[in-house]
Amino acid sequence: MKRIYYLITVAVLALASSCQDPHFIEQNAERQGITSLTAFFTTGKYTDQQLAKLEVTDENMDYFLIEIPYYFPEETEDPTTIYLSALRIRAELAPNCSIDPPLTVLDLSPGNEHKFTFTNNKGESREITIAAKRTKFRRTDVMTFSLEGTFPCDGFVDNDLRKIYLFTNDDLSGYTAKAVVCPHAKIKDIEAFEKPKDYNQPQKFTVIAHDEVTETEYTITKEAPTKIPYGFNAKSAKEMFSVNPGNLGFPAYTEAMNPSVGVLETKMVISMGDGSAPKYLNGITGVLEGELNLGAAKADGMTSDEGGNLILTNKAAAGETVNIYSTNSLTAAPELFYSFVNETSFAVGSVVRVIGDIKSNARMLLTHEGVSGVSTASIVTQLVIKGGVVVERTLLDFSSAYPGWGETAIHYAKVTPAAIEPSKGVIVSHYGNSVTIGEDSHYYLAHIDGKLNAEGKMKKTEKDLFDAGYSNWGKNPNSMDAKRYNNATYLAHFVTSQFPAWGQWPGLYIYDISTPATIGIADPVVMNQQLAQYNTQNAEESNACGDVVISFSADGFKMFVYYFDHYAQSIGGYSVNCIKM
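Take the sequence shown: its letters are residues 1 to 581, numbered as in my numbering.
Hints listed in this document are in silico derivations from the structure and should not be mistaken for laboratory results. Yeah, the Cβ is synthetic: ideal placement off N, Cα and C, and Gly gets one too.
Computed spacing ranges between beta-carbons, pair by pair:
1) N487 x V371: 38 to 44 Å
2) G319 x G246: 37 to 43 Å
3) S423 x Y230: 20 to 26 Å
4) S360 x F151: 21 to 27 Å
Below, computed lysine-lysine pairings styled on BS3-like, alpha-carbon distance capped at 25 Å:
5) K238 x K186
6) K386 x K359
7) K238 x K53
8) K386 x K424
9) K178 x K204
10) K178 x K163
11) K359 x K298
Build the full structure now, drawing on both the sequences and the hints.
As structure tokens, this is what we get:
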């Protein structure tokens, strides 16, 4: 198992006279001297967010030049010049080391240098200097690559090997190329790059970084890399983007919402569940690109399947009709896929989960919700789809197998198919659902198989729990999605933050649930990611909600996981692949 932890530390803006430690020192026993210097915004909409970090590898260094990104965020044209006059600097030091005078807010505008006395753990002192310099970006990554011709082809980009694979047996002579490179970089000799070429033969092109010095040559080759026989390669896990939804025009964390996410045409689609049109982001860069055409559909609930279809549902009270719409186009209005009347006393439609392809064979679950302070729900509407048609609609009753859940957006459950076969059951978790493991109280995920008891309700089995891997304090574990990928079935479990101001970070966990009947307590996760948060304030607990979705590249080599945390104000995406490395 590969565990990667992405930590973004948020400093609290305070004057030197406040109760906060003015040194902003963290101890690190593995290093001697100064380990790092981090600069934080003190003004503007990014206040308290990290702007730059200098990792120190030489413990004898006495001149520390912090490289400030030229623009922030990187994908924008917003210069960082205006922030340099007031940056809060935090030092990470080895035990028993100190900096005098204490680090606070510094003016790091061009030409300004600040002198300090550093004392190591042996009592030895020396003068050090801290300065900053705006630096242009050196990245030369290719984000996407495609060919246009008789049979359009998307390239598989390997930025580590600087190679682009074309997985096809088609004749690629006379094709033209298109590529998206990382922010502020450019393709050298773009006119030559865009001319038709014979891509049956290897071709090359060069990307120039923003600094106009760093160059990287890419090779385009028509071949297929070796694919591992099962699942994804843990070594391939990469964060594609992490952005603040507040900067993209999404509602503030103080507004109660019911967000859901899906994927359509390589775009991450986000619905806030408030009647507004879902917005979509570039699935590689996280850049906002537009709004979805809803047509007659509503997006109270939303997800996507394994076949490239976005599914949208409306919330229906008792006696009302649930309309399920689907689309595989960003521009064409969604079409009605299936309707049914909600014959229960519990609302349904705010949550929909799908495994399989609704245009062929799939299984869809719609979780009914309770009413806070009044009732709890434990029923799910199950749709079995064969040949693109709903052939069976069943009401699943979990009251004998699992505690009931409340209403949207925080207290309900997102019951998720464990497999396309109903007999293999479901995975379920919701806020407040915990179990004691040793001395700690942890959230757990429950696997409930398809067996029924004498009352016709879902039957609880002995091996139905597995540890979610974290404390049950300050988290909301009700966001899940399951999909099949390269002979494996994965469950993405996204845990939103309940109290962002108290350091409760959102987390992303991926489980291999290919054989759900064998899942037991404390099974290891395949991936465990602590995620960035861009809000550090507390509002109402009803805002501690979000969603997660799994999708795949058209060639089947990559798997993507996208998440949205409304309270922590965090949107992001990860990619993995099944290439043998």
